[in-house]
Amino acid sequence: MATDLKSEPVKASGQFSTFFVADMFFGVNVLNVQEVLRSQQMTAVPQAPDVIEGLINLRGQIVTAIDMRRRLRMPQRAGDHAPMNMVVRTVDGAVSLLVDEIGDVLDMDAATYERPPENLDSAAKELIRGVYKLQDRLLLVLDEERTVDLAIGRAD
Amino acid sequence: MENTSAEDQETIREFLIESHENLSRLDQDLVELEKRPQDVALLGNIFRTIHTIKGACGFLAFSTLESITHQAESLLSQLREGKRDLTPSLVSLILETVDATRKVLASIEASGMEGPLAFGELTERLRAAADQNGETENQRVPTTPGQTDVSGPIAKAQTDQISPAVLENKLPLKANQGGDMSKGSGSWDGVERRSPSEPRDEDAERHSAAADSNIRVGVGLLDKLMDLVGELVLTRNQILQFNTEREDPALNATSQRLNLITTELQEGVMKTRMQPIGVVWNKLPRVVRDMAIALGKGVQLTMDGADTELDRTIIEAIKDPLMHLVRNSCDHGIETPEVRMRAGKPAQGTLSLRAYHEGGQVNIEIADDGAGIDVARVKQKAVENGLLRLEQAEKLSDREALGLIFLPGFSTAQTVTNLSGRGVGMDVVKSHIEKIGGVVDVFSRPGEGATVKIRIPLTLAIIPGLVITSGGERFVIPQVSLLELIRLEGDSSGKHIEYVHGTPVYRRRGSLLPITYLNQVLGLKSTDRAEAVSMVVLQAEDRQFGLVVDGINDTQEIVVKPLGKQLKGLTLYAGATIMGDGRVALILDVLGIGQRSGVFGELREQSRGSDKQKAQPVIEQQRLLLFRSGSFERLAVPLSLVARLEEFPRSAIEHASGGRVVQYRDRILPLVSLRSVLEPGAPGNDEMTDPVQVVVFNDGDHSVGMVVDQILDVAEEAVTVRQRSGRKGLLGSAVVGKRVTDFLDLNEIIHASESNWIQRADANATLKTILVAESSAFSRGMIRSGLDMAGYVVLEASNLDEAIHRLEQQPVDVVVAALDLPPNGSAALLVAMHRPEWAKIPVLALVASIDEVQASAALSAGFQDCQAKFDGVLVLESVARLASPIGAIKAIPALAGEVS
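Protein sequences, first through last, are from chains X and D.
Following my numbering from start to finish, the first sequence increments by one per residue and tops out at 156.
Following my numbering from start to finish, the second sequence increments by one per residue and tops out at 1900.
The shape of chain X in the complex, shown without the other chains (with noise of 0.2 Å):
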């Protein structure tokens, strides 16, 4: 079933883990949801693309951490604020997301879901597959696929 939102756009109804990036705020479905965690040591890899914040120990498994910020482009998060980390399944591996804060699970209505607004930051636009429309604000369905490759939203 995971592949089968992996390759269409998102119909069905699902669960979300979702989390937030500045206001911006994003959802993953659960079954690519690997885990969630505290903000860890950071090992840096010097000469690496901005947006890598470094690797991370995850009981053995050593995970590429992507700044969500510095990927969507936005300004840096406050000194103080650490980030969490949301490990999202790929095709090549888990790779960890820093966010900003982790929002609960949510249940989605396949009648909520719409394609992007058009007004939509161009950065974030890249990244994600469509949104829900929720009562006060919108649900952003990120692609983690399109969001680990660095290829895709580069900054020109």
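Calculated from the structure, these hints are not laboratory results.
Any given hint could turn out to be false.
Claimed, not checked - In the DSS-like style, the derived pairs of lysine-lysine whose C-alpha atoms are separated by at most 30 Å in a straight line are:
1) K1319/D <-> K1453/D
2) K1319/D <-> K1381/D
3) K1283/D <-> K1103/D
4) K1381/D <-> K125/X
5) K1568/D <-> K125/X
6) K1283/D <-> K1271/D
Chain X is already provided as a structure; the job is to place chain D on it using the hints.
Okay, now just chain D, sitting in the frame of chain X:
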């Protein structure tokens, strides 16, 4: 076929595995048999193998398979009885049967069923071959089983006569074992046909004994074991770390024991993944045989070192490349018997494979004694396929030309055979091998043969590494690349680390080692200059360099984990590992570091003993164009200055503006007769060869052609030009290719012939910046005004510090410096200009009055030219020359302090 139960599926799976093994053995055995038809034991083996397969087929009701193996078995049986002689066509026929069997097995594997192919035609041919001598064939029992348990149901059994020949070799002939059988009654009595305790003959005995002590293990399981051992190693490292942090004798003893056990376990598991390369090689006899027959050539295959062991993943990776290389040799390398005999070679060609371990690497060589690789044709083909231009191809040495075959889209096959001529081969071979970290090289001797050499590192997932720190971070260097650790006490620069052409080097046992700073390569903050400098001497391929780090820790065994896709492109890192304290550390890729930092290709080793100066210039390898002109047998000019080599018919030379020209690419190319410059007035100077050989040089967008008598060669050498004063047009001489060679002063040659050259140069002058360093205000002003009028931008400096300051402020094209520049002369300025950003700026030395000794001393010291301060015209001309693109190239460094 009905749905098979799980048990049946298991049986079929085993049948498939065993049959594949059997077929593989059959390939080899049949080719061997062809060479030794009298080998009864071999024939017996082959027969038994086919019989075994046939039996299993019958048992499992694979009727198509059964019928073709049945026919093959008949043929073999006739051979054994001596009723028939072995011929190549017979062998081919049986090999065809083997192939057909494989196809059916593949179908069974995929779908559980035999598939649509019935091989009726093959069966007919087999039958016909068997019938040739008129013997009617007996029908055989199709239900004779192999090694499987015969207590299960026999589906669709057909009872038939059993040929005595079959039984005689299948069963030990004991009276109580079925005398019925031997008479051919054919009824099945369910006796287990083969038991290990009753060997038929020695071969079988040995085979079954070996079979008992081996078991089959799935590759997936081995991989899993390998991963677990990797995790165990990491955990062991952590425990060892805790151990050092605590003073606990019990913990100490236990962790030591754990350490030993883990190491042995690790070695054992790694061994399970090792396979002998023979596994790949054993397919080759058949392939070579088939190809040889198809091509009408004789090829003898020798294999040496088949028991050399490699990790499974490496074996997988080299299978295809090896196959391709072998095909290549048969197809393109080895000639037909007629051609070979005409060349005085034995009619049969030899293809030899060799494998051996050496220096932590596996070496595989594929050598043939064929025609070798035709370098000229390689070049031609490369040009035809648009891989490089004609001029570029001409400049390549033979060795480099051989490398062209590895470019994508290359193929020299006249006709593309369906065997190997498709032009997608060698580049794929190279990339396959490089993917596992190996290198491939090709050597060729025209008319004698070619050899392809592959070297693959024995990299496995757990390696010993040295832990170092730099910029506050920890990194690991694979021990296999580590040569030496060096600690330099005292002040970290100056004393031990010298600068040559802007590159820091370290003198190590007489030779110069280029060094680089890890924190610079990685862009990390450098720590304060410590009292001591730690350096690791590393080797990648055959180049060495020193890497300066902040600190050296200890050696550890680490598990190499690959980096994610996002980081794979970084050549600096080979992977990552988890250290004893749980943190991640990056593993450096030594070759990547070397390339990124630029130490490779910058300097080569030099062992000159003399210590005249601190900054002894290292002579770089240069590529030189060699040619001759007039009575100069051997002249050289740096290839980097040459734009093209051209040839014109003599009739194309015309006269214009007082000189010779030729129409060339929509322009007029002025020609310089080298003879006239080097030997003015000599007889025969007006003669030119036909066609005329011209070396074309570019300066900006103007070109000039230099007429020579003959282009000789391109050489690559590290040269030291010894100054020769006097001779116009020559810089000096050096030994190139073991012969004394004169070096052309290109500037002078071109300058001497074309006066309008200077005008062109002046046209560029408005863009050039000249720094005049001269203490006397009067002299400086005079020089400056001359340069101003010529249109240059002029900067002034009155001493060394000011001159350096000016250089730092803005880019300068030419420096004009008084030889007696305060405080200590402008030689100090030359030294200061060794920085990479200034190293290429030409410097004109100015003296009060010119004399030969002083001038040549200046040139020896490293200045590009020397003129008298007050000779305005000459100074301008010199600046113009130096400011032009050709003049700006400091082509050949002279050895400082030497004048001959």
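Verification of the supplied hints:
no. : hint                : verdict
1   : K1319/D <-> K1453/D : holds (15 Å)
2   : K1319/D <-> K1381/D : holds (28 Å)
3   : K1283/D <-> K1103/D : holds (17 Å)
4   : K1381/D <-> K125/X  : violated (49 Å)
5   : K1568/D <-> K125/X  : holds (26 Å)
6   : K1283/D <-> K1271/D : holds (23 Å)
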